[in-house]
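Going down the list, the protein sequences come from chains S and P. Just so we're aligned, residue 128 is where the first sequence starts under our numbering, counting upward by one. Just so we're aligned, residue 128 is where the second sequence starts under our numbering, counting upward by one.
Derived from the structure by calculation, the hints contain no laboratory data. There may be inaccurate statements among the hints.
Computed cross-link-like contacts, DMTMM-like style, restricted to lysine to aspartate or glutamate with a CA-CA straight-line distance of at most 25 Å [to be verified]:
{"id": "1", "chain 1": "S", "residue 1": "Lys450", "chain 2": "P", "residue 2": "Asp195"}
{"id": "2", "chain 1": "P", "residue 1": "Lys255", "chain 2": "P", "residue 2": "Glu295"}
{"id": "3", "chain 1": "P", "residue 1": "Lys251", "chain 2": "P", "residue 2": "Asp157"}
{"id": "4", "chain 1": "S", "residue 1": "Lys445", "chain 2": "P", "residue 2": "Asp195"}
{"id": "5", "chain 1": "P", "residue 1": "Lys251", "chain 2": "S", "residue 2": "Asp132"}
{"id": "6", "chain 1": "S", "residue 1": "Lys445", "chain 2": "P", "residue 2": "Asp202"}
{"id": "7", "chain 1": "P", "residue 1": "Lys336", "chain 2": "P", "residue 2": "Glu193"}
{"id": "8", "chain 1": "P", "residue 1": "Lys336", "chain 2": "P", "residue 2": "Asp349"}
{"id": "9", "chain 1": "P", "residue 1": "Lys210", "chain 2": "S", "residue 2": "Asp132"}
{"id": "10", "chain 1": "S", "residue 1": "Lys313", "chain 2": "S", "residue 2": "Glu296"}
{"id": "11", "chain 1": "S", "residue 1": "Lys445", "chain 2": "P", "residue 2": "Glu203"}
{"id": "12", "chain 1": "P", "residue 1": "Lys209", "chain 2": "P", "residue 2": "Glu244"}
{"id": "13", "chain 1": "P", "residue 1": "Lys209", "chain 2": "P", "residue 2": "Glu193"}
{"id": "14", "chain 1": "S", "residue 1": "Lys450", "chain 2": "P", "residue 2": "Asp182"}
{"id": "15", "chain 1": "S", "residue 1": "Lys445", "chain 2": "P", "residue 2": "Glu247"}
{"id": "16", "chain 1": "P", "residue 1": "Lys310", "chain 2": "P", "residue 2": "Asp157"}
{"id": "17", "chain 1": "S", "residue 1": "Lys445", "chain 2": "P", "residue 2": "Asp182"}
Examples of chain S residues toward chain P, derived with CB under 8 Å [said to hold, decoys possible]:
{"id": "18", "residue": "Asp132"}
{"id": "19", "residue": "Glu136"}
{"id": "20", "residue": "Lys445"}
{"id": "21", "residue": "Ala446"}
{"id": "22", "residue": "Arg451"}
The beta-carbon is built from N, C-alpha and C at its ideal position, and this holds for glycine as well.
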Amino acid sequence: MLISDLFEETYFAISANKIRSSLTILGIVIGIGSVIAMISIGQGAAGSIESRIQSMGSNLITVMPGSQRSFSQISSGRGSAQTLTIEDAEIIAQEIPNIQAVAPELSQRYQVVVKGQNTNTRIIGTVSTYPSVKNIEIALGSFISDQNVRSNSKVAVLGPTTRDDLFGENTVPIGQTIRINGINFKVIGITQSKGGTGFGNQDDMIFVPITTAQRFLAGVDYVSTISVQAESSQAMASVQSGITNLLLRLHNIGDPQMADFSILSQQDILESASSITDTMTILLAAIAGISLIVGGIGIMNMMMTTVTERTREIGLRKAIGAKRLDISLQFLAEAVMLTFLGGAMGILLGSGLAFVISFFTGLAVKISLFSIILAFSVSAGIGIGFG
Amino acid sequence: MIEVKNITKVYQSGNVETKVLKGISFSISDGEFVAIMGPSGSGKSTLMHILGCLDVPTSGQYFLGEKDVSQLSDDELADIRKKKIGFVFQSFNLLPRTTVLRNVVLPLVCANVSRSERGEIARKSLTKVGLDETLFHHLSNQLSGGEMQRVAIARALVNNPSIILADEPTGNLDSKTGELVLKTFQNLNQQGRTIILITHEKYIAEYAKRIISIKDGEIIEDVLSHHSEAV
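Looking at chain S on its own, in the form it has when it is part of the complex:
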């Protein structure tokens, strides 16, 4: 039997059993399609989480106060120390190389009142470099200036969600007055929405000069965090160690274990986030893998019925002089053709599904060659194995 004859026979056999063939193909299509769609969605989600983290500011290093141990060995918990000051931030900006910008901030929640409307939101006292460090853009008006910081001005920049809560949507409240903790502030600007939701919403905030926040709102002289933006991702490690050494010296601490501050780089956050999304991708792939196995069992089942149902045909083929090898080859060719057809259609379906999902949910979707190869080879393996 020649190869071309084999293909012809296979073609006739498959087209003679259209319903059965198409059901088999459907099983494979769904198996492969779901693997590809799930892996694509998983990787897309990983990508979107990564970019969300990047949107908090790129090459960001956050210096936070550590636990306070000044009077006894009793630790009062991370973040409780009040050791970081505006001066620390200024010295970091002056002494550490490869730094783009430094923005200290003091954040606390207060009740905010405007003519009957009121809300409780996070008030961030900060400086003029904050927008560039945190990737915040100004939609209307202006951000806090160095002059505002120097003169303890009572001015405020609202996040868009806060603006909606206090003044109503799409209003322009610049020049209006809001009361924060009983003190009048003049609104000078509105930030651009960053699209965050829920916990840590970056749109629901009010920015005021840090000096104003320290003196009039909190009545303290420390800051809650210092955000540092490195010039490049390569410089982050050196900037991080530079800040550590500098602050240890400034705070007169000899033992790094006793440091009254902690430094978190964006790299760390990214790493932990990507480990989460990796797990998610594996989870999705496992689910898809199970459906692939189910699809594979479908193929086996179909092949079994084909063989038992066609014993008569096999007998006939033997009677007209087909060798055992010829017959096996024919069944193999049928299986291969079914799985390959199904595989090709499955790839199309999976990609299509991924695109539809990304279209309707806005979730970024990545279709990776890896997932395609994986899904395809599994189905081909099953097909060939059982054919």
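Start from chain S and add chain P according to the hints.
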């Protein structure tokens, strides 16, 4: 020329040995039309399997042409079936949902006949069994029983085999179409084809020229039929 010498066949199932053929010997010359007749369980189907090279005897010799084929391997037997034997079955065994022409072409595919010649040979063979040309592209399951069996005969003929083995070819047909099929065999025999017809019905066996009757694995009678006397 077929010659079987003292053929036996024993089936073993578990510890039970069943002796189906108990030393059968006969010879059939080229151009004969022989019926092998016997009730069910007489061993005639086993004999047909051996004659058709689908199985080998437990002992004894089987000469097909000049060659002893009683001890060949599976693949060698397949080769002999391909070249020398045409089968016609009780249940036709056509490929369902496949055209008539395609069914007849099938043995030619196995025999590596060139693509261009296949259609021509198949058509000739179908014409020989008296099938109408309009049916050639019908699907096999759309045909009547008589038509199906004639397609099956055409398929058996297409490789120009030296023997045609027909196993109860009229078993699934009404008597009228059955007669048509048997007449087809007679025609083929008159054209010089060797035909072995296996049946359990006396009146069907009468269409052949010679009747070998078997019972319980042994030949009980080997006679010329009334039909041949009439001719």
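Results for each hint:
no.: 1; hint: Lys450(S) with Asp195(P); in the structure: 20 Å, holds
no.: 2; hint: Lys255(P) with Glu295(P); in the structure: 21 Å, holds
no.: 3; hint: Lys251(P) with Asp157(P); in the structure: 23 Å, holds
no.: 4; hint: Lys445(S) with Asp195(P); in the structure: 20 Å, holds
no.: 5; hint: Lys251(P) with Asp132(S); in the structure: 21 Å, holds
no.: 6; hint: Lys445(S) with Asp202(P); in the structure: 10 Å, holds
no.: 7; hint: Lys336(P) with Glu193(P); in the structure: 24 Å, holds
no.: 8; hint: Lys336(P) with Asp349(P); in the structure: 11 Å, holds
no.: 9; hint: Lys210(P) with Asp132(S); in the structure: 19 Å, holds
no.: 10; hint: Lys313(S) with Glu296(S); in the structure: 19 Å, holds
no.: 11; hint: Lys445(S) with Glu203(P); in the structure: 12 Å, holds
no.: 12; hint: Lys209(P) with Glu244(P); in the structure: 17 Å, holds
no.: 13; hint: Lys209(P) with Glu193(P); in the structure: 17 Å, holds
no.: 14; hint: Lys450(S) with Asp182(P); in the structure: 14 Å, holds
no.: 15; hint: Lys445(S) with Glu247(P); in the structure: 24 Å, holds
no.: 16; hint: Lys310(P) with Asp157(P); in the structure: 19 Å, holds
no.: 17; hint: Lys445(S) with Asp182(P); in the structure: 11 Å, holds
no.: 18; hint: Asp132; in the structure: 5 Å, holds
no.: 19; hint: Glu136; in the structure: 7 Å, holds
no.: 20; hint: Lys445; in the structure: 7 Å, holds
no.: 21; hint: Ala446; in the structure: 4 Å, holds
no.: 22; hint: Arg451; in the structure: 6 Å, holds
Hint compliance for this structure: no hint is broken.
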